[in-house]
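Residue numbers (my numbering), protein chains in the order written: chain A, 1 to 570; chain B, 1 to 254.
Worth flagging that the hints you see were computed from the coordinates, not collected in a lab.
Each residue gets a CB set at the ideal place from its N, CA and C atoms; glycine is no exception.
Among the hints, a few may not be true.
[Unchecked claim] Taking lysine to any residue and the SDA-like style, the derived pairs with C-alpha atoms no more than 20 Å apart in a straight line are: (1) B:K135 with A:W409; (2) B:K135 with A:E299; (3) B:K197 with B:S215; (4) B:K135 with A:V116; (5) B:K135 with A:A407; (6) B:K135 with A:R108; (7) B:K135 with A:V113.
[Said to hold, decoys possible] Below, a sample of chain A positions facing chain B; criterion: calculated Cβ distance under 7 Å: (8) E325; (9) R327; (10) A328; (11) F332; (12) A335; (13) D404; (14) D406; (15) A407; (16) P410; (17) L413; (18) H414; (19) H415; (20) P416.
The lines below spell out each chain.
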Amino acid sequence: MSAPSEPGLERRQFALLARDSVQQLLSSATMARDTDPAQFALWATALALTPPFLVAVRKIIDYPFLLRAAPAYVERVILADRLFFILYVMLATALVTALLWDALSPTRHDHEVVGVLPVRPRTLAAARLAAAMSVGLGFGLAINLPSGLLYSAASAVHPMVGGFPRVVIAHLGSTMLACAFVFCSLLTLRALLTSIVGDAIAGRLAVLLQIATFVLLVQVFFFLPGLLPELMKDVQAGGRSYAELPPMWFAALFMQLAEGQAMAPGLAARAVGATALSIVTAIVLTLVPARLMRRRSLERRADTSTGPVQVAGRALVARVVRGAEVRALYLFALASLVRSRRHAVQLGTYAGLAVAAALAGLAAQSVRGSLDLTRPQPSLLALPLVAMFFGLLGLRSACAIPVDVDANWPLRLHHPTVRSTVTATRLLLLSLGVLPPILLASAAYAWLWSAQDAGVIAVWNVTAGCLLAELLLASWHKVPFATTHEPDVDSLRTRWPWFVVALAVYGFQLAVVQVWALGSITRAAGLEATGLVCLAVLVIRNRRRRRGAAVTFDETVETFETLRLSPALD
Amino acid sequence: MLEVDDVTKTYHGLIGVRGLSLCARPGRVVGLLGPNGSGKSTTVKMLVGLLRPSLGVIRWNGVDIQRGLREYQARVGYVPEEPRLYSYLTAVEYLELVGGLRGMPHALLSRRITTYLELFGLDTDRYLHLSAFSKGMRQKVLMAAALLNDPELVIFDEPCSGLDVASILIHRRMVSTLAARGKTIIYSSHELDLVEKVCDDVVILRKGHVVANNSVARLRELAQAASLEDVFASLAVDDDVDRLGDALANVSAP
Numbered sequence: 001m002s003a004p005s006e007p008g009l010e011r012r013q014f015a016l017l018a019r020d021s022v023q024q025l026l027s028s029a030t031m032a033r034d035t036d037p038a039q040f041a042l043w044a045t046a047l048a049l050t051p052p053f054l055v056a057v058r059k060i061i062d063y064p065f066l067l068r069a070a071p072a073y074v075e076r077v078i079l080a081d082r083l084f085f086i087l088y089v090m091l092a093t094a095l096v097t098a099l100l101w102d103a104l105s106p107t108r109h110d111h112e113v114v115g116v117l118p119v120r121p122r123t124l125a126a127a128r129l130a131a132a133m134s135v136g137l138g139f140g141l142a143i144n145l146p147s148g149l150l151y152s153a154a155s156a157v158h159p160m161v162g163g164f165p166r167v168v169i170a171h172l173g174s175t176m177l178a179c180a181f182v183f184c185s186l187l188t189l190r191a192l193l194t195s196i197v198g199d200a201i202a203g204r205l206a207v208l209l210q211i212a213t214f215v216l217l218v219q220v221f222f223f224l225p226g227l228l229p230e231l232m233k234d235v236q237a238g239g240r241s242y243a244e245l246p247p248m249w250f251a252a253l254f255m256q257l258a259e260g261q262a263m264a265p266g267l268a269a270r271a272v273g274a275t276a277l278s279i280v281t282a283i284v285l286t287l288v289p290a291r292l293m294r295r296r297s298l299e300r301r302a303d304t305s306t307g308p309v310q311v312a313g314r315a316l317v318a319r320v321v322r323g324a325e326v327r328a329l330y331l332f333a334l335a336s337l338v339r340s341r342r343h344a345v346q347l348g349t350y351a352g353l354a355v356a357a358a359l360a361g362l363a364a365q366s367v368r369g370s371l372d373l374t375r376p377q378p379s380l381l382a383l384p385l386v387a388m389f390f391g392l393l394g395l396r397s398a399c400a401i402p403v404d405v406d407a408n409w410p411l412r413l414h415h416p417t418v419r420s421t422v423t424a425t426r427l428l429l430l431s432l433g434v435l436p437p438i439l440l441a442s443a444a445y446a447w448l449w450s451a452q453d454a455g456v457i458a459v460w461n462v463t464a465g466c467l468l469a470e471l472l473l474a475s476w477h478k479v480p481f482a483t484t485h486e487p488d489v490d491s492l493r494t495r496w497p498w499f500v501v502a503l504a505v506y507g508f509q510l511a512v513v514q515v516w517a518l519g520s521i522t523r524a525a526g527l528e529a530t531g532l533v534c535l536a537v538l539v540i541r542n543r544r545r546r547r548g549a550a551v552t553f554d555e556t557v558e559t560f561e562t563l564r565l566s567p568a569l570d
Numbered sequence: 001m002l003e004v005d006d007v008t009k010t011y012h013g014l015i016g017v018r019g020l021s022l023c024a025r026p027g028r029v030v031g032l033l034g035p036n037g038s039g040k041s042t043t044v045k046m047l048v049g050l051l052r053p054s055l056g057v058i059r060w061n062g063v064d065i066q067r068g069l070r071e072y073q074a075r076v077g078y079v080p081e082e083p084r085l086y087s088y089l090t091a092v093e094y095l096e097l098v099g100g101l102r103g104m105p106h107a108l109l110s111r112r113i114t115t116y117l118e119l120f121g122l123d124t125d126r127y128l129h130l131s132a133f134s135k136g137m138r139q140k141v142l143m144a145a146a147l148l149n150d151p152e153l154v155i156f157d158e159p160c161s162g163l164d165v166a167s168i169l170i171h172r173r174m175v176s177t178l179a180a181r182g183k184t185i186i187y188s189s190h191e192l193d194l195v196e197k198v199c200d201d202v203v204i205l206r207k208g209h210v211v212a213n214n215s216v217a218r219l220r221e222l223a224q225a226a227s228l229e230d231v232f233a234s235l236a237v238d239d240d241v242d243r244l245g246d247a248l249a250n251v252s253a254p
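Work out the full structure: start from the sequences and follow the hints.
Structure below.
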């Protein structure tokens, strides 16, 4: 047998595999089945480029007014704006990397398919790496180019900023390098984790990374305008505390390229050096152990462990549920949820939004110095409510997306009743979306204030959680994770104001009412009674609506609207 | 007793099965044979209630199955052709899902799952995700799922796909014993040798029509053939198999 030494063959293999890898990378980030990856990429990029683009547009209006301002002030404003673009692109890149995480390196499936062909493992790994870098580069260019051109045009009106072509080069150079630095650093981290602790733990990190980047992205918009002036003052005063922050390296590079001045000695060089190092490390750590990774991937024994969520779910269902059908459906839904990467990614997005929204209130109070942990405050009581709001919305939305439609034939054959599917789904929502935030918050409240306060708030929150769950299940008549899904692409783009209002009422205004009701037993009882009456009305109404309904397996368009971040990402 | 009476199934104007009639009695194994595209899968899907006939009626103990589909399906065990399973579930979780949907009490279900997994030799892999199972192992899980609640009618569609020789022998014996216990069995397969040994009666389909429906012995006698394979070849195979085989082998020849 001769090895594939034909000249050009390996290059052709590389090109073919790289092309396929781009498709796989895009497919890995799409939520719904049959979603067109190209359409997904377009929408995701459009969504990502909007914030910096809008900021750049605003600068066209703002910058002419700087012509008469003091140079120190102008310098501070310009530096802050550049830092925003850099920080944004770094976080957006981290988020995209988290979404593409699974497909960033060849999977066991890839090795099984390609491994039987005369292709070297290194060629496959190199093709995947090249595809990942191309996707990263394309994403970076797509979000940086429009905002870069606009911002450069806007800033060129001021003589301190530098000429248009120079600013364009500086903007694109620094933001693209920042993008490459984050992307390659995360690739390196992934390769290291996969080598050291294995694929499973590396995979779990993606969800954490996603939540963290979501939280930081939201916080950037909330708090960066407030924090930047302080940072800029420090920079102008010659302080060095900022020098360890990577965004500052790239801001220094921006300044160096645009104005030819150094923010601080060696800072711009650090940006270039760190990026080069991250690229080289990512390449080395991907290509060198390619053969070893393939062997480990193919020889890996399948995971047989049952996670803590499932163990808790089983314990709960054994105590709470009597019906065999409900028990079976609940356990099926729980296993589907905890083992589906797509659903984890989707829930991670909701979790990120929840943490960001909950922290926003707390952080704002903390910055103002009005945060008082010694007594119940709306911002503290809002924490479990916001978590329940996003948790329940996310779970409800996830339940509508199937894991494997082709395998749902046993469910079609056995026709579970609508009552069973609703009960199982309700149990899932309550056990994962209501119980954990209430337990965590109650423990914290009991520690901070008193067990009595914590108990009363927990009772209110249970009612509030049940109420929202019942509202979300008003038109539910399917088996979770087993029905075809037709995303309604307009849901998030056109209806987001409704969700903002709902969040404000449910998450924040209800917390204000709870603080008010904690003042007296009558108010506390009144609030609980109101909640219970609303819940009873909703339960009766939903039961009437479901009478005579059959379980659906082929959904067209849902009648109930959730945030549906999956179609938004689509 | 399962009766299929002049059943036709059309898909968007195309005929899948036309004028199909057959009868399966308790204690008998009815084989369903036919080349690819003959309408076997369509027939099986109609028999399990996944598809509704366009014309004709399927009766279980004299009652149209479409009138009481849920009650009928509660009596049916089905082993599908494609082992489409929720591959992220373990064998136990999958069987718990199916048993739960069939309303089996938890204690009984757990007992039966343990017994089936032991008998199928899967007890050491009970906590392994089905994605890690071989095709034969998945087939065994499907068989266990089909038999969990002791169904009156069992429909096997290519059940031996991926099974090793020992498992096939065990499976053959299991089918015979099920029939001896009074179960009605429909057995669809391409493995003629197996069908000949397992089935009492055989229905041969070709292009959506029934071309033969009789006992194996009677068919052999009528076609003056030594084996069921010869009967099948004379009734359902159009192609010149030798010529085609040679041609395929020589396509890439230098």
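**Prompt:** Okay, which hints does this one fail, numbers in order?
**Reply:** Every hint satisfied by this model.
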